[in-house]
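Visitor: Protein chains in written order, with this note's numbering: chain A, 1 to 292; chain B, 1 to 612.
Don't take every hint at face value.
27 angstroms max Cα-Cα, derived BS3-like pairs, lysine-lysine [said to hold, decoys possible]: (1) B:Lys504 x B:Lys488; (2) B:Lys485 x A:Lys81; (3) A:Lys192 x B:Lys142; (4) A:Lys281 x A:Lys194; (5) B:Lys142 x A:Lys241; (6) A:Lys81 x B:Lys488; (7) A:Lys67 x B:Lys473; (8) A:Lys281 x B:Lys142; (9) A:Lys241 x A:Lys281; (10) B:Lys181 x A:Lys67; (11) A:Lys241 x A:Lys286; (12) A:Lys194 x B:Lys142; (13) B:Lys505 x B:Lys578.
No lab work stands behind these hints: they were computed from the structure.
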Amino acid sequence: MSTQQAEPESQEAPEDPEMKGAESPQERRLDDKDDGMVDDHAEKEAELEGETVLIKVFRYDPEVEGKQEPRFDDFHVPFEKGMTVLDAVMYARDEYDSSLTFRHSCRQAVCGSDAFFVNGRQRLGCKTQISDLEQPVRIEPLPHQEVVKDLVVDMDHFYDQMHTVEPYFQDDDTPATDDLEEQRQSPENREKIKMSSRCIWCGACMSSCNIAAGDNEYLGPAAINKAYKFAMDDREGEQIKEHRLRILEQEHGVWRCQTQFSCTEVCPKDIPLTEHIQELKREAVKKNLKFW
Amino acid sequence: MYEHDVIVVGAGGAGLRAAIAAHEAGADVAMVSKLHPVRSHTGAAEGGINAALQEGDDWELHAYDTMKGSDYLGDAPAVETLAQDAPEETINLEHWGMPFSREDDGRVSQRPFGGLSYPRTTYAGAETGHHLLHTMYEQVVKRGIQVYDEWYVMDLATTDEPDPNDRECHGVVAYDVQSGKIEGFKASGGVVLATGGPGQAFDHTTNAVSCTGDGHAMAYRAGAPLEDMEFIQFHPTSLPSTGVLISEGVRGEGGILYNSEGERFMFEHGYANNSGELASRDVVARAELTEVNEGRGVDDEYVHLDMRHLGEERIMDRLENILHLAEDFEGVDGLVEPMPVKPGQHYAMGGIEVDENGESCVNGLYAAGECACVSVHGGNRLGGNALPELIVFGKRAGRHAAGDDLGEPEIRTGYGDDVEDETDTELPVAPGEAGLETSGSVAADGGVTADAEGILERTVESARERVDHLMEKDDGVQHAEIRAKLQKAMTDYVNVFRTEEGVKKALKVIRECRQEYQDVYVDDPSRTFNTDLQQTIETRNLIDVAETIALGALVRNEFRGAHWRQENQIRDDENWLKHTLISWDDGEPSIFYRPVILEGENKTYEPKERSY
Numbered sequence: 001m002s003t004q005q006a007e008p009e010s011q012e013a014p015e016d017p018e019m020k021g022a023e024s025p026q027e028r029r030l031d032d033k034d035d036g037m038v039d040d041h042a043e044k045e046a047e048l049e050g051e052t053v054l055i056k057v058f059r060y061d062p063e064v065e066g067k068q069e070p071r072f073d074d075f076h077v078p079f080e081k082g083m084t085v086l087d088a089v090m091y092a093r094d095e096y097d098s099s100l101t102f103r104h105s106c107r108q109a110v111c112g113s114d115a116f117f118v119n120g121r122q123r124l125g126c127k128t129q130i131s132d133l134e135q136p137v138r139i140e141p142l143p144h145q146e147v148v149k150d151l152v153v154d155m156d157h158f159y160d161q162m163h164t165v166e167p168y169f170q171d172d173d174t175p176a177t178d179d180l181e182e183q184r185q186s187p188e189n190r191e192k193i194k195m196s197s198r199c200i201w202c203g204a205c206m207s208s209c210n211i212a213a214g215d216n217e218y219l220g221p222a223a224i225n226k227a228y229k230f231a232m233d234d235r236e237g238e239q240i241k242e243h244r245l246r247i248l249e250q251e252h253g254v255w256r257c258q259t260q261f262s263c264t265e266v267c268p269k270d271i272p273l274t275e276h277i278q279e280l281k282r283e284a285v286k287k288n289l290k291f292w
Numbered sequence: 001m002y003e004h005d006v007i008v009v010g011a012g013g014a015g016l017r018a019a020i021a022a023h024e025a026g027a028d029v030a031m032v033s034k035l036h037p038v039r040s041h042t043g044a045a046e047g048g049i050n051a052a053l054q055e056g057d058d059w060e061l062h063a064y065d066t067m068k069g070s071d072y073l074g075d076a077p078a079v080e081t082l083a084q085d086a087p088e089e090t091i092n093l094e095h096w097g098m099p100f101s102r103e104d105d106g107r108v109s110q111r112p113f114g115g116l117s118y119p120r121t122t123y124a125g126a127e128t129g130h131h132l133l134h135t136m137y138e139q140v141v142k143r144g145i146q147v148y149d150e151w152y153v154m155d156l157a158t159t160d161e162p163d164p165n166d167r168e169c170h171g172v173v174a175y176d177v178q179s180g181k182i183e184g185f186k187a188s189g190g191v192v193l194a195t196g197g198p199g200q201a202f203d204h205t206t207n208a209v210s211c212t213g214d215g216h217a218m219a220y221r222a223g224a225p226l227e228d229m230e231f232i233q234f235h236p237t238s239l240p241s242t243g244v245l246i247s248e249g250v251r252g253e254g255g256i257l258y259n260s261e262g263e264r265f266m267f268e269h270g271y272a273n274n275s276g277e278l279a280s281r282d283v284v285a286r287a288e289l290t291e292v293n294e295g296r297g298v299d300d301e302y303v304h305l306d307m308r309h310l311g312e313e314r315i316m317d318r319l320e321n322i323l324h325l326a327e328d329f330e331g332v333d334g335l336v337e338p339m340p341v342k343p344g345q346h347y348a349m350g351g352i353e354v355d356e357n358g359e360s361c362v363n364g365l366y367a368a369g370e371c372a373c374v375s376v377h378g379g380n381r382l383g384g385n386a387l388p389e390l391i392v393f394g395k396r397a398g399r400h401a402a403g404d405d406l407g408e409p410e411i412r413t414g415y416g417d418d419v420e421d422e423t424d425t426e427l428p429v430a431p432g433e434a435g436l437e438t439s440g441s442v443a444a445d446g447g448v449t450a451d452a453e454g455i456l457e458r459t460v461e462s463a464r465e466r467v468d469h470l471m472e473k474d475d476g477v478q479h480a481e482i483r484a485k486l487q488k489a490m491t492d493y494v495n496v497f498r499t500e501e502g503v504k505k506a507l508k509v510i511r512e513c514r515q516e517y518q519d520v521y522v523d524d525p526s527r528t529f530n531t532d533l534q535q536t537i538e539t540r541n542l543i544d545v546a547e548t549i550a551l552g553a554l555v556r557n558e559f560r561g562a563h564w565r566q567e568n569q570i571r572d573d574e575n576w577l578k579h580t581l582i583s584w585d586d587g588e589p590s591i592f593y594r595p596v597i598l599e600g601e602n603k604t605y606e607p608k609e610r611s612y
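Make the full structure from the sequences, and use the hints.
Guide: Pasting the structure below:
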């Protein structure tokens, strides 16, 4: 596995086509179409005569010669009203370069697999309208994560941190209930955990966090928010809540957060992550837990 | 080679539930999924989980509504099992911490849904599936169940006896998406397919791009018949530009449908004089398209769904997610203007034929969730019945695969003496002409029956050869071109309204796609995260599944549930109270029928007219 990182600082791509030493995948594909596929070519050209959007997409593949050095590829994509960043990269892939690689699935902001770094900010490709962005639109993998290929980053560390906080309901201290009787939860308590329960594990928050970037052991906003969801749920007993707070107030837990709000800013589900982290700090203090 | 007792393919709602159940039954279980579990399409389900939880409601009412909704094509033993087990399974989810919406007294809320005689849809805002998915994945983490995520299962390792009922499934072959490594996964107990729907066979769908019918196609090629594939549900409210789903919860809470003339057409044009917007999905989808076809659509394409009158407080409490979807994907503020909606492909009622224990006719091969057909949904699935299906039948499949005795099933599978063989029926398009020869092969092709490991090794070998071939080929056709053509034909001709001529046209295009697929190649030379390769394999699966959908739609010359045929717009109970089964024999699809089971535990369901 390569340790190639997409650092936002090093995002200056060679703008001069001369420097790339080769035409773009799109030009290549259009040239190819010349061979015996004139009609198709003409159709594509005609399509491109309308309004187009220029996307510059980060490319890298550890295996393929010519892609081992990270670079940006340009694609001119016909613009349609309502077009999202995901639509644009899908068009580029399906029409011009089938090796263009990125994760995506639901296209409705719930699977969390298409978080990219778009024009210098973490965003979900599927819910980001092209019309809201300045052109050219620069699309990169999430910063501070290892790049596997093109826009795909290694999520293992993110998942590991999520798993560290024991992310599952532990109801050992709640009173025994009948098999067919639910536990009671007040609408207010449900409301309290509602926002935290919306996390789709996209990784945008972790990628935007300076602290997480410098401290690999920091639990990070997503994992802490996951723990918040359980710790604030009245259905779990006091004892388990204290156990959860002890996990969270460890050296690389909530106290690492410096309230920079970058996680909150980029969260595509509008979860008040920073506020949740602060609330957990307050809870730890109230319970006289040791803090760092 | 990896070895486990039970291998679950797919990690959405059904797969997670199956894995937990198999684990609890003492099996060493592993999940193999092309996505990380939390990325599964179950997360996009919005509406809720039907379960008879309250006094005044009971499982028999739930079963009755489901049988009626299915247009009497559901099998009563399956439907009754669903209705009986759903309450316990729903409460179980609550005990696992699922954040259901609540009443003032702290109990879980339930709301009305289409086709239900009692408000029994348990929900968590308009994001029930998201919470269900995450809650169950949390339980998988808690139990330390092994998950091979981003491993794409390409084929099943199955013996090759001439009769599929004698065949045995020993495992699967998968490749690691991240490294390209192809490996065998041996399952000593059983393989549970939980791969979801085939929505990508259509170009306007609420389904994720990952919903490519992989499980359907693999089981089909291994000899398990696909059942009732013609029954495709078109959801009445998807956003026109993207297909993004707008939950039936909007209508459940009181949302109203208007045409371009401001008429509440469900009533004013007499489509459903009692239930209006809450008639079942097939009825509403046809009503909307009829409005558009008769010139009363907005922009000649869609109708309006209005929820403004519900008030901001109620919307924020129960439908907040819908506001975000309408805003992000259509640029419409649902608080101040109506939302544009039109029917979109949503759900496949049909699937891999299995019994109440989730087992197919191939020994050791199970299926659960949308890829399976037990069958509970028959001709039309009621909103809120997909999620209980996942947990009820996911659990049963997992337990049975792990060796638990669940009793003798009443539903039979595979070709047997209870089927009606209609090989004499002259099909307008002979199946043979549909040419399945490029579909790949059953694992043990070649007439040799070997031991489990030998079969697995041979399947791995053939998968490696196939991938090498696709990668080494220098030019030809790319999958995206074929996929787009297939999707368009299905949407043009096998949609809400179907004609014999149209379905035949679709079959012709499907055959062309199959032909072109022989020349398919993978342009990306890399073994690292090669989505080009993965989608190329998925496209073949889509061709197989699309063909069964179209063939089913062609032979079922009646109007039932979601399947509307212009030539015959009445339900024909005399000839068609039976399931369509399509199996792959000797390289071509063969069609037979099995009578629907209308005898329940205490009563027989008499087919009645469905009026709403």
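Visitor: A separate judgement is required for each hint: does it hold in the structure or not?
Guide: So, going through the hints one by one against the coordinates:
1. Under the criterion of a C-alpha separation no larger than 27 angstroms, the hint pairing B:Lys504 with B:Lys488 is consistent with the structure, at around 14 angstroms.
2. Taking the CA atoms of B:Lys485 and A:Lys81, the gap is about 23 angstroms. The hint holds against a cut of 27 angstroms.
3. Only pairs whose Cα atoms come within 27 angstroms are accepted, and A:Lys192 paired with B:Lys142 is accepted, the gap being roughly 24 angstroms.
4. For the given pair, A:Lys281 sits about 19 angstroms from A:Lys194 by alpha-carbon distance, which is consistent with the 27 angstroms threshold.
5. For the hint linking B:Lys142 to A:Lys241, the alpha-carbon distance of about 17 angstroms falls within 27 angstroms, and the restraint holds.
6. Between A:Lys81 and B:Lys488 the CA atoms are separated by roughly 21 angstroms; this keeps the pair inside 27 angstroms, and the hint holds.
7. Distance check on the hinted pair: A:Lys67 and B:Lys473 sit about 21 angstroms apart at the alpha-carbon level, within 27 angstroms; holds.
8. Taking the CA atoms of A:Lys281 and B:Lys142, the gap is about 26 angstroms. The hint holds against a cut of 27 angstroms.
9. Distance restraint check for A:Lys241 and A:Lys281: the Cα-Cα separation of roughly 13 angstroms lies within the 27 angstroms cut-off, and the hinted pair is therefore satisfied.
10. For the proposed pair B:Lys181 and A:Lys67, the alpha carbon gap of about 21 angstroms is at most 27 angstroms, so the pair holds.
11. Distance hint between A:Lys241 and A:Lys286 is fulfilled; the C-alpha atoms sit about 13 angstroms from each other, no more than 27 angstroms.
12. This hinted pair checks out: A:Lys194 and B:Lys142 have alpha carbons roughly 22 angstroms apart, not beyond 27 angstroms.
13. Between B:Lys505 and B:Lys578 the CA atoms are separated by roughly 26 angstroms; this keeps the pair inside 27 angstroms, and the hint holds.
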